[in-house]
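**Q** Start from the sequences and build out the full structure, keeping to the hints where you can.
Residue numbers (the numbering used here): 1 to 745.
The hints are simulated quantities; they were obtained by calculation from the structure and are not laboratory data.
All clues given are correct.
Quick list of in silico lysine to any residue cross-link-like pairs, SDA-like style, CA-CA up to 25 Å:
no.: 1; residue 1: Lys717; residue 2: Ala357
no.: 2; residue 1: Lys525; residue 2: Asn512
no.: 3; residue 1: Lys560; residue 2: Thr586
no.: 4; residue 1: Lys361; residue 2: Tyr615
no.: 5; residue 1: Lys504; residue 2: Cys364
no.: 6; residue 1: Lys634; residue 2: His684
no.: 7; residue 1: Lys356; residue 2: Gln610
no.: 8; residue 1: Lys525; residue 2: Val577
no.: 9; residue 1: Lys100; residue 2: Glu204
no.: 10; residue 1: Lys415; residue 2: Ser607
no.: 11; residue 1: Lys573; residue 2: Ile530
no.: 12; residue 1: Lys113; residue 2: Lys332
no.: 13; residue 1: Lys324; residue 2: Ser103
no.: 14; residue 1: Lys332; residue 2: Ile281
no.: 15; residue 1: Lys634; residue 2: Glu662
no.: 16; residue 1: Lys415; residue 2: Leu371
no.: 17; residue 1: Lys361; residue 2: Asp628
no.: 18; residue 1: Lys361; residue 2: Phe603
no.: 19; residue 1: Lys17; residue 2: Asp6
no.: 20; residue 1: Lys573; residue 2: Asn512
no.: 21; residue 1: Lys525; residue 2: Leu583
no.: 22; residue 1: Lys361; residue 2: Ser289
no.: 23; residue 1: Lys724; residue 2: Pro700
no.: 24; residue 1: Lys332; residue 2: Glu204
FRET-style restraints, in silico, Cβ to Cβ:
no.: 25; residue 1: Gln33; residue 2: Ile354; range: 38 to 46 Å
no.: 26; residue 1: Lys724; residue 2: Asp396; range: 55 to 63 Å
no.: 27; residue 1: Gln358; residue 2: Lys724; range: 25 to 33 Å
no.: 28; residue 1: Ala683; residue 2: Asp321; range: 45 to 53 Å
no.: 29; residue 1: Glu643; residue 2: Ser397; range: 55 to 63 Å
no.: 30; residue 1: Tyr368; residue 2: Ala683; range: 32 to 40 Å
no.: 31; residue 1: Asn410; residue 2: Gln33; range: 30 to 38 Å
no.: 32; residue 1: Ala683; residue 2: Thr586; range: 29 to 37 Å
Here a beta-carbon is modelled for each residue, glycine too, at the ideal position from N, C-alpha and C.
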Amino acid sequence: SHGQRDTAQILLMRGAKYLPDKNGVTPLDLCVQGGYGETCEVLIQYHPRLFQTIIQMTQNEDLRENMLRQVLEHLSQQSESQYLKILTSLAEVATTNGHKLLSLSSNYEAQMKSLLRIVRIFCHVFRIGPSSPSNGNDMGYNGNKTPRSQVFKVRKVYDVVRRIDVKEMNFTKHAFINQTSHEQEPLELLWHSLDEWLVLIATELMKNKRDSANITSILLKQKGPDHQDATPMPAFAAAGTEGRKELSADVGESKKYDAGESKTYDAAGKQEACADCQDVISMTANRLSAVIQAFYMCCSCQMPPGMTSPRFIEFVCKHDDVLKCFVNRNPKIIFDHFHFLLECPELMSRFMHIIKAQPFKDRCEWFYEHLHAGQPDSDMVHRPVNENDILLVHRDSIFRSSCEVVSKANCAKLKQGIAVRFHGEEGMGQGVVREWFDILSSEIVNPDYALFTQSADGTTFQPNSNSSVNPDHLNYFRFAGQILGLALNHRQLVNIYFTRSFYKHILGIPVNYQDVASIDPEYAKNLQWILDNDISDLGLELTFSVETDVFGAMEEVPLKPGGASILVTQENKAEYVQLVTELRMTRAIQPQINAFLQGFHMFIPPSLIQLFDEYELELLLSGMPEIDVNDWLKNTEYTSGYERGDQVIQWFWDVVEELTQEERVLLLQFVTGSSRVPHGGFAHIMGGSGLQNFTIAAVPYTANLLPTSSTCINMLKLPEYPSKEILKDRLLVALHCGSYGYTMA
Numbered sequence: 001s002h003g004q005r006d007t008a009q010i011l012l013m014r015g016a017k018y019l020p021d022k023n024g025v026t027p028l029d030l031c032v033q034g035g036y037g038e039t040c041e042v043l044i045q046y047h048p049r050l051f052q053t054i055i056q057m058t059q060n061e062d063l064r065e066n067m068l069r070q071v072l073e074h075l076s077q078q079s080e081s082q083y084l085k086i087l088t089s090l091a092e093v094a095t096t097n098g099h100k101l102l103s104l105s106s107n108y109e110a111q112m113k114s115l116l117r118i119v120r121i122f123c124h125v126f127r128i129g130p131s132s133p134s135n136g137n138d139m140g141y142n143g144n145k146t147p148r149s150q151v152f153k154v155r156k157v158y159d160v161v162r163r164i165d166v167k168e169m170n171f172t173k174h175a176f177i178n179q180t181s182h183e184q185e186p187l188e189l190l191w192h193s194l195d196e197w198l199v200l201i202a203t204e205l206m207k208n209k210r211d212s213a214n215i216t217s218i219l220l221k222q223k224g225p226d227h228q229d230a231t232p233m234p235a236f237a238a239a240g241t242e243g244r245k246e247l248s249a250d251v252g253e254s255k256k257y258d259a260g261e262s263k264t265y266d267a268a269g270k271q272e273a274c275a276d277c278q279d280v281i282s283m284t285a286n287r288l289s290a291v292i293q294a295f296y297m298c299c300s301c302q303m304p305p306g307m308t309s310p311r312f313i314e315f316v317c318k319h320d321d322v323l324k325c326f327v328n329r330n331p332k333i334i335f336d337h338f339h340f341l342l343e344c345p346e347l348m349s350r351f352m353h354i355i356k357a358q359p360f361k362d363r364c365e366w367f368y369e370h371l372h373a374g375q376p377d378s379d380m381v382h383r384p385v386n387e388n389d390i391l392l393v394h395r396d397s398i399f400r401s402s403c404e405v406v407s408k409a410n411c412a413k414l415k416q417g418i419a420v421r422f423h424g425e426e427g428m429g430q431g432v433v434r435e436w437f438d439i440l441s442s443e444i445v446n447p448d449y450a451l452f453t454q455s456a457d458g459t460t461f462q463p464n465s466n467s468s469v470n471p472d473h474l475n476y477f478r479f480a481g482q483i484l485g486l487a488l489n490h491r492q493l494v495n496i497y498f499t500r501s502f503y504k505h506i507l508g509i510p511v512n513y514q515d516v517a518s519i520d521p522e523y524a525k526n527l528q529w530i531l532d533n534d535i536s537d538l539g540l541e542l543t544f545s546v547e548t549d550v551f552g553a554m555e556e557v558p559l560k561p562g563g564a565s566i567l568v569t570q571e572n573k574a575e576y577v578q579l580v581t582e583l584r585m586t587r588a589i590q591p592q593i594n595a596f597l598q599g600f601h602m603f604i605p606p607s608l609i610q611l612f613d614e615y616e617l618e619l620l621l622s623g624m625p626e627i628d629v630n631d632w633l634k635n636t637e638y639t640s641g642y643e644r645g646d647q648v649i650q651w652f653w654d655v656v657e658e659l660t661q662e663e664r665v666l667l668l669q670f671v672t673g674s675s676r677v678p679h680g681g682f683a684h685i686m687g688g689s690g691l692q693n694f695t696i697a698a699v700p701y702t703a704n705l706l707p708t709s710s711t712c713i714n715m716l717k718l719p720e721y722p723s724k725e726i727l728k729d730r731l732l733v734a735l736h737c738g739s740y741g742y743t744m745a
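**A** Quick look at the structure:
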């Protein structure tokens, strides 16, 4: 009749005892499980010791995290001192868990989950901040929140997660820690320990195998007979100068111990140490990476949304080599712990070459794993459909009606699942969804809408620079982006292909002059000729301006300010070619690109899609084509000394037969620049100046030489390998490690 809070208040005022029930469940357990912050507040008023009990509950995996957040959020609203007390206590628990995680003897999975859970709660409370009193009412309700700056001023910017200068951190750690307040100290100790580990590993990476025995003996010293009962990793129990001295002492003791044993044990120990050292990074990478994730979360919680902490950027730059080593050893760390790479493009660029070197299949798995992370009901195979969430479209106006219903639909619900029904029909299910995507993908390139134009090869499409003849063109481009984003999100294939340059625009990759060939092969050849020849004395009289067709009328457009009066010379011709390319391929269709990406990014984050290149994006959106090897062989030409009956050519086709479908697609892309076989088969493959058969040219063999290609003439330059095995090995290396390069050697 009174409610939990008032009941607890009445009972405690009358002297009721605080006891667990027969199952050991206490009143506080029940309150935290239900997220009853007000009742927890009453219990703590009468039994202050319960405050620390709540803090310790953050380590209990059986308690729902959102309920704990709710309770601590309420408690933190009572006063600034309570808010700081909660943060300090959470920081202490996080630091304890972090140091346990850094110990190789601890259970990695349990400690990692515990640390990240506590830090998530810490960051949540940190962002909430305390409330101000309001007319004597409960401070947790209807109170105006203290301005953020005032919260920080309480302790000179609350230093549990404050930014400090890296040089100060490196050279005056011990002095700094002694000077910090009680609230500042806990997490900074953990970050300093993390820094010590990374510095130590960086040092060892620079040493040879002989010297690496020292770190192995330290990191693995619990294996030694005289360290079995010792606390693991005492050198890193605290950070700072003392930690370094302790480390040196440990190394010295290790040397004395080795010297005192027999020569046989000494030799065996060193051999084992060297072998173990090869795996030291594997043993520590996940643990350190989890602490790095916690550090990133704490740095981020005091930054505005969308901004990366300068302190964290500095940290990544400082430990660049070690972090790259971690990612090289286990790229999945990026998705497990290095979320900052997916959220910070500046940092992602440092690791992109490592990421893109991973197998396409693995990157696809990571892409969907992260894309769908945290979505409710993701594990439900048959999620019931709400009638209001069904996309009801008309077959006779499928493009316009779909555009209307998708624009009104809830984006979050569309990410979870799509249900489509055609007006006047009863059918629903995945078959209808597939048909919807199939019809829509054809409608997107319907000439009646003037959104896309066919490229020179007749099989791919490019945004129409004159699409504004359709007054709704930008809304339709946004809708086209939504459809492709939804298709990719739900692994639905579309039956259209775009030009290489448009895939680059989706990925944010700059276009180059070779991309012009898709819309104007002759113009691309002219640009190539300018780059390949000395134009000093040719009298071309080119300037940094070009004439372009605007709705049938020719207009002169400057490539840069004052371009009409700037002559193209041998020295600046490369800039001219790039600016012409950007005008033709980007500037002319920039509004269309922007509108498309606005829709696409509603469902596919830019940070995730950049895991792929333009060739792989095509495969993700349109699937892997079937390749008829017999048709391929029948329509292949040979030159530069090769003939159909040559041994190397026979080996080549034997290898092609042995390749997987994915590898055949890679080979086709490697030689022609396209993953598709045109309608009609290999006899209809286009080159830079019309029909051009797949061609294999002989190249003198030298050791380790890789195949190369000239995509403008569909030519594979195949060295005269001495055996089928070497040919297959070199070909696979070229396909998997450099399948999109133009100068592999």
